[in-house]
Structure formats: structure tokens, C-alpha cells
Amino acid sequence: MFCPFYNRQPDEEQGGHADQKTSPARTSHKKHLPPIPKNAVPITKPASVGTPSHLANGTHASYGPFYLEYSLMAEFTLVIKQKLPGIYVQPSYKSALMWFGVIFIRHGLYQDGVFKFTVYIPDNYPDGECPKLVFDTPVFHPLVDPVSGELDVKRAFTKWRRNHNHIWQVLMYARTVFYKINTAEPLNPEAAVLYEKDGQLFKSKVVDGVKLCNSHLFDQPKVDDPFAISFSPWNPAVHDEAKERMFTFKRRPEEHHKGAQVSGLSWVKPGSTQPFSKVDSPQS
Amino acid sequence: MSWLSRLNPRGPGSRSNRSAAPSSPCTADPETCLMVFENHWRQVSWVLEQRDTSSFSDDLTAVRNNTDQMLCLLAEERPAESADSGSCGAPIGPILELVITENILERLVQWHVRRGLDPDSQGALLKLFEMLIGQSQQPLLQHTAVLHPLLRLLGACADPELGCPPALENSLVLLLNQVCVSMARQPVVLEMLFHAAPAQQGSTNLLIFSLLVPFIHRDGAIGQQARDALLLVMAASASHEAVARYIAENSYFCPVLATGLSALYSSLPRKIEVRGDDWHALRREDWMGVSSLVLFMNSLEFCNAVVQVVHPVVRSQLLDYLHNGFLVPVMGPALHKSSVDEMIASTAYLDLFLRSITETSLLRTFLRFILLHCHDNDTILDTLLTRISSNSRLCMVSLSLFRTLLSLNCEDVMLQLILRFLLPCTHVMLSQRRAIRETDMYGKSANKFLSLIPECCRLNAAASAERDEDNPFWSKVFETFIVIKTIEKSVNISTPPRHSTPSRLSFFMRQQSGGGGSGGGGTSTSTNVDLLQSGPSGSHPLSPDSPKHQTHTEAFDWDAGYLEYLKDARRDIELCSWACRDWSAPYDGENPSPNTSPPPPAPPSSNPSVTLFPEHFSFQREGNSNTPPNQQREEAAASLSSEQQEEEEEQRSSALDQKLTDVRGDGSVMGVCSPARPLNQPASQPYTGPFMVVLFAKLENMLQNSLYVNILLTGIVAQLACYPQPLLRSFLLNTNMVFQPSVKSLIQVLGSVKNRIEAFAASHEDFPSMLRKAQQYLVARGKLDWADSPAAVPPLRRSDSLIKSRKPSLGDLILRHTNSPTRARHAAQLAFAHVRDGGQSLHSALFRGGSAGTSSLEKQAEALRVKNAVYSAVIFCEFLKELAALAQEHAVTLPFPQNQEAEE
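Protein chains in written order, with full-length UniProt numbering: chain Y, 1 to 284; chain S, 1 to 904.
Careful: at least some of the hints might be erroneous.
Unchecked claim - Not everything, but these chain S residues come out facing chain Y in the computed CB check (under 10 Å): (1) 371; (2) 416; (3) 579.
If you are wondering where the hints come from, they were derived from the structure by calculation, not from laboratory data.
We put the CB at the ideal spot given by N, CA and C, even for glycine.
Just need the whole structure built from these sequences, with the hints factored in.
What follows is the structure, encoded as C-alpha cells:
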């Protein structure tokens, strides 16, 4: 039976993003932004009838569209399970292959940075190259292309391997670069040189960059998508309630009937594998 | 507390109505009323004064007439205005005040008792008091001047010599019921009853209570009133330790209740008259007509209600009595009866009971009995397990019971059935252990399941030939749905439109994060988009008659087909993992640790005490006993011969003989032994437990199973596949997993079924047309069942109909595409009626040999064999889609956090 799935090394999963092998210098990739239909704004219409064409074109390989979608859903589920600190992502409304994200840097050189980014997943996922991660505003960083804002993800994932590499690792990598700065083969040579040669100037440039970025925080998202991440100043009328809801939220099954008894029964004492090993509680 | 709320035969509402109506001439003026009352009392007291009792009936009549009037006035009287009444306590009306000061009621009752209560006046007094307590505007029972005479009267009813004549039982119970209702409203009364009673009535503290107990199991309204009243006492006891102790220690309430169930059980029919070959479980409409069962169910429901409201002291006593006084001595032997009819009946009863119980602790008592109690060295569970392999209705009833058990999402049940066998992880290769927790990230398993859909079941291969061939997934899903579409519409779909992929991820994501998760929940709340309408997947095909279905495009249909499986899978997995969130461990191959967990029970063959039963025997119904499947016969032979090599040869084979004799004794069935695994397998071999073994064996034999067995069987496997525990999930759904050679995997079993179906199809050239007809029948049937069932679901908690259990594939899914429900229903009923008639039906006309007249036994048997095989092919394909959807959905389900605090 063919099962490459299960032969991987035990620590590879964690080590994926730390794997910083040098890769040959390469020209920075041109982004392929998925075409977005102009008329997709009214959300009440079943918009996905006119799904972006790249999806339909891209999934003809060997996986049905359900597989692609479900693989991405599974990836997203993994992201949620990881509970990555300071990172939030949200797939686009229109395409499962485009995820909007924001990363909060809480200490270090880039402290207080709030960087919005977009993840582009190749449409032959998971057999294609690694996803791209592009910052909305090019962050001043050796590994971030000063023009396009693209982060050099490839160096950490020289070859994207299904089952071994996951999108959460890319996100994690994007966070790591702000805490542990690597200047080898930079996309932004200026930043790399400054970092090595003139720490003070580098630092001030970073601070300026962070300030610039934060000053554009409340700008409308560049992409017209209902799920694009947009910030607005705190408005108690709106946000207090939302915050309250978030804190008190308890996920329940979608079709959880109030009356139906679905509370799982268990009388097994934790640590035991004997039925009815739990001492009688007053409840039972 | 639903029971309590629907009590109160005369609730406050009706009472105020009554007082508003001018029922008595003197409602208007309190002073006039008092005068009238005093007038009556004067005449009565004159009679009462007559010491030398000349029992003239004139006296009696006079007293009665006056008493009637007086008590009416008393009942009608409103409490006094608070301004001018006594300083302490509730303001009482002048009539009541007079009643208290003159001790009128006490004197009345004493007079009656002294002159000897004849049934007539006893009845009259009971009715009077009942009227008084039920209708009074004032809390009369709080006054000893009312309470004591009442107790005196009741004491007379409890008197062993005087007693209560049967004719008065109704009045007595009604009165008691009224007393309990007011007691429930005024807890003080309970206290007073409890303390006042001894003075009046010697030994029995709670006279009311002991008077009611004999009526617990009574039929009809009187029984119901008694149970209602008792339940009120029970509820009141919850906060009165003393009362609870009294009930537990000094009353026969618990034993009467428990042993009463035993008595009622013994009068249940030993054989259930079944209607229709699909019958497999007692639904409400089945048992409503059987009076003995109604009686039993009423009492069981009462037990359930008592357990719900009563003080823990009484509850634990009641549960003990139920276990030791009903389950062990009565249910245990009943389940082990040797005649198949009795086995069927007792299994169906147990299933019904489990479905009816709502109280956790009562359920626990039943489950404990099933899982742990040993009857003749076997647990009840083991006994029930062996019956799945039978080939009769017993199998269906047993499957139904297991479906009920699985639906409880109970850790203890799952542990005993399956998980304890998987815990040591010996069923997987060592190198594979870490894969236990993997999910089907990229749809590989789903693809594998779908790839098993036999070639011959893709009827429209020709029609869909022009589709692009490099999309194996879609070709499969598509074709099978085309099949259904074709059946429904009798229209051939020429060219499928190119599908477009909706972005379901966004839809999905919103559901998942919702604010709770750390990733991405933050902003979604502000962009509150009604995603339900955002894509084809979201255009909820919930109601089959929504306009959507009248104007649907083909694209929508076949897309939605598989989506329905996915949707159902998601819902079922979510509900299941929600229900399992408080389990003691994740069962992920690490916790509980494979090394510390006790070795799983060995296969039965190595355990002499269990080998008393052949692990697996199957019944062939008379109809097809002439042509037992070759395979099965071979297996049986093999097993018999292997068995003879065993050391304990004699014991075993005699046990087998015994079993077969038992079976033959029933006359209608004949036993064929076909163990699910070789009996001489060494105990050290990994073993996934009798449940999985018997299910897989049955599944592998799908072609020989009846349609209904297959529906139930695949439903149970799908139900198991919903469980989120990685041990179980990987065992069933991870098709890449490599198991130990002795462990059969689901995918192997399915592969073997696929081969058999293909072999069958190859040997029957009209297979395609038969397949289509079978699908037509199932569609018609699904429509009918669906049309009959909605909303009319019996109030049983987990009640299910056959079709509901296979909803995704056969019921809802197919019907969703019905244009006109009414028309479909008519058509379906017609078709179905034919089937039920057994005449020249759609159903039997499908298959050669099925038509009447030319039927030799052999031909009939062959027809049955063909029919089963064709139906199994339909079910098989749907089942594969269901499994594929489950595999996919597991990869995208987030676990629920443990229950921090009690939910609602």
C-alpha cells in the first residue's frame, strides 16, 4: 500500500519553518492575483455561481473541487487548532485560495507592528509550490520584497510537501521572521545591509515602517471582498457588544436541538478504562 | 418538569373562571353568605347534638343537604380584605373563621364516623372534600380545622376493616390528587401533613402517600391521577429530607414501583405481531394499541419522572430496586429466552425502554445492566451481540437496539463495544500508530471509498462518456447522482454542465470560528453576511417544496447531491463530538495509553466460558433456506471442522448442537453456523472485538442480507464513523492505515462486497434494469416514508423510523428533488400499497420468478436472492458516498471544548 503520509520524521512538522536552508537566488515572483469579478459585492446573491474562473481551471488535475475545498478547510481547521499567537486569518469570501490575515508583533524590533497580509495558495494545492504571503504594505525587512511586499517563504519551504507542510507553518514562519531576523540572500538588500552594519538606522527605519503601517491601519482593504480584514476605531456602540459576544461565545453544533438529549454520557473515571468506574456523583 | 406542569387538573386558571361564574346564588355579598351559612350550620349542629343516635335517615339527609350548601359557601368564599382581619396569618374569610372556631368539619366527620360510615356517605364526604380543596379560594389545608377532619376521613378509608369500597376508589384518588396539588402549591401543607398525621393515624406518617401507592400501576385515569399525585409528593420530597427518608425507609413506594414493572412486564405479549417485512422497532403507533404495553410504558414513564424530581435518597433506592427487582430477575431471563419470537420481543422492548428513558441516572441503571450484568456467564451485551449475526428479524431488532445504544454517545458503551479492543493499538502496525490521529486532509480516503462504487452500478456510463475523464472523483460522484436523477425524472441528462466551485471555505470558516477560536474570529462578527445565501451549497435544500426545487438546474442537483452527504456528515459529526466532549479521554492512541490499558478481552474462542455459544450463528429464513449462499455454507463447514480440532471439542459442539436445536425448535428458522473468525485463532492475535467482527461479517455478506438489514447495518457503521475519537475514526475511515494481518479493515470488507456485486452483475445480464427498478422502488418508498413521518414523530426522545436512520442516502436525499410532494406521495403510496399487498407489485414484478403462479419454492428462493443482491448494490453505493463524506468532514471538524459548567 502506498502511504507516504506516514513515513515522515517525527519532528519535521515543527521544524518546517525553521528549516532555513539557503536557496539559490531567484527573481521575485510576480503575484498572480486572482481575478475578482466586479459585480461580486452584493452578497445576498449566490455569488459563487460565478466563482472566480481560476478555481475551475486550476482544479482539473487529480482532485475534485471538493477535495481542494476540503483540503483548504482542513488546513484552516489546523490553523485554528494551532492557536498561533498574534496571528489571525480569514479566507476570502470569493476564493478559498486567498486568505486575508493580520499579524500583531508584541515585542522585539517590530514591536507594536500590525501587519496585514494576504496568503495566496496555488490552485493545484497541495501538490504545487508553497503558498505565497504578501504584506499589504511592504514591511522594511530583509526577507520582504520592498516593492511587492512578498515575504520570502520559499526559503523555509524549498519544496512544498503535502502531509508534511501546512499553511499554519507558513503563518508561523511569517511571525518568526520578525523576531529572529535573517539577512542571508535578502529580498531587501538594503534592509539586510543596514541590519548587519548599522543597527540604529535599521531600527529607526523599522520604527518608521511600523508607524507608517499603523497609520494606514484604518484604510479600506485593498481588495474588495466582504471578508477582507478591515480595522476601524473603537466604537463602543458596535465593538463592546461584539467583544462581549466573542468572550461569551460557546460553539455549539449547528443543529443542536434544545430538547434533544445529546449530552454525552460518561461514567468512566478519568484514567480508567472500566465502564462505570466513576464514583456515583450526585448527578447520577 | 413537564410532568409537573401538565398536572393540576384544576389549575388556578380554571378556578378563577369558576368563581367568576355565578354558580351559587349568594356569591355576591359575603355577609349574606355568612348568614346563610350560619343558618345551615344551626340546623346541622342541632342534628349533631342528638347524642342518642337514632339513625334516622331523615337526619342523615338533612345533614347532607345542609352540609352540601355549607361547603359550597365555604369553597366560594374569598379571603377577607386584609384590612379588617386577624393580625397574624393570612386574612381569612368569616365563614372559614366560623368553621375554625366551631371546628365544624371535625364535628361533621366525627358524627359520620361515629354513626358508622356507609359507602354512600363516605363517597359523599370524599366528593365534598375534593370539591372543597379543589375549588376553595383560600388555602384551607393550612388550617388544622380542615386538615384533621380530612385526615380522619382518609384514615377511615385506610382502615383495614372499613377500607375503601372499589366504587369509591375514583373519588378517593381524585381527592388525594387534589390534596397533593395544593400541597405542591403550599409546601407548608406537606410539613403539616407529615407532623399532624401521627397523632391522628398511628403508624403511617404519610397517610396520603400510602393510600396512593396501591394505585401506581392502575390502568386508565385513576392510575394516572394517582401517579400524578404521587409525583407531586415526590417532587415535594426533594427538598424535605425527612419526607424523603420516610418514603425510602418506611414506605413500600420503591419496591412497589419496581416490582410492579416486573409484574407488568410479565403480561406483555411474548410475541410481537409484526406488520411488514421492514419492522424492526416498536414505534409509538405500534404500542399504543397494545394495552399491556401502554400500561407498562405509563409506569416506566412514571419511574422516569420520579427519578427526575425525587430526593436523591429515594432515587438511589428506586434505581437499586429497578436493577435488582426488575432488570436482573425479569429482563435478564427474558432476553435469554430460547425461542426466537421471545428474543425478538424482549429485544424490541429493551430498545423501546432505552429510547423512552430520558433521565440520565435511570439510563445509567439500564446501561449498567446491559454492559455489566452477567446472565449465565455472559453479559447481556455479549448475548445481544451474537444475535446480530442471525439472519432473521432478530438481527434487525438487535441492530435497532444497537443503533439506540450508539445514539446515546455513551463512553461506557463505546468502551465496552469497541474502544477497549482498540486501546492497546495492537490492531495497527507499530509504524502506523502515529497515523491514528491523522485525518483525511486531502480526500484520499474519500476518494478510495468512492472508487469502490462498482462499475456496473454506474448506469449512465454511456450518457456521461463525454465528460472529461481526468477527473476520477467527479466521474464517480457525478454518475451515481445521475443515477438518482435519472430515476427521479426518467430523463436522461445529456451533458453535464461544467461545474464551478463555490467558495465553501468562507462559509465553513464562519461557522467554525464564530468568535471562539483564536484564528480569524475577530473580524467576522462585523461583517455579518448571511452566508446561507452565499453559494449553491448554502442555498439550503431543506424544504423539498421550496421554489428552488421546481426550477433547479441540473448543475445544482448533482452538486447538491454529494453536498447533502457532506452536510449530513458534518451535522452528525458535530452532534457526536459535541455529545462526546465530556468523555474521560480523547482515545487518540496516546490517552489512554496503549501500554497501560489492560489487554483487551480475548476472542471468545480462547475463553471457555464464552464459547458456550458459537460466536456467530445465522438464521436463514425458510424462504431461502434451500439455497444458502455457498460462501456461507463453506464457512460454516470450515468452522465446524476447525471447531472439532479444538481441545474442548465435546463441550463446544454440544453447545452448538444445543443452540441449533433451540433454533430448530422454533420451527420457522434453521440455523447455519458461520463464525466471523476462525475459532481456533490464537488469543494473542489482535482482535477488534465481537461487535466490529460481527458487523463486518454481516457487511461482507451484504448481498445475502435483506434490504432492511442492510439499511440498518450500514446506518450503524455510518453512526460509528461519526465518532471523533481517533482510534475509532482511523480504524473505520483511514483507508491508508495498515492493520495487522488478522484484523480486517472496513475497506477490505467493502472491497470484497464490491467484487461480489460485480460478479453478480456479470452473471445477470439484466442487472442494469433490475438495478434501476430497485432504485425506483427505493425512491418511491423514501417518498412515502418521508411523507408519513414529518412532524408525526412520536414523542419518544430518540424515536426513529427506518428511513430516518438512512436519511442521507435513501430518504431525504432522494426526496429533496421531488417537485410536488403531494403528487409524489400519491404515486409513492400507490406503488407502496402494491408492495405491501404482495400482489403484482412494482417491487416483485421487477424480478424474475417473483410473479405469482409459477412459483416453485426454488424459484422463489432464487428470486429472493436476486432481489437482495440488487438492493444491496444500491445501498452499497450510497453507503460508500456516505463514508467518503464522513472521511472528508472529519478533517474539518473542530473539537468542542470540555463542558466547563452545566449547560442549560
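Results of checking the hints against the structure:
1. 371: Because about 5 Å separates residue 371 of chain S from the closest Cβ in chain Y, which is inside the 10 Å limit, the hint holds.
2. 416: holds, 5 Å
3. 579: holds, 4 Å
Hint compliance for this structure: no hint is broken.
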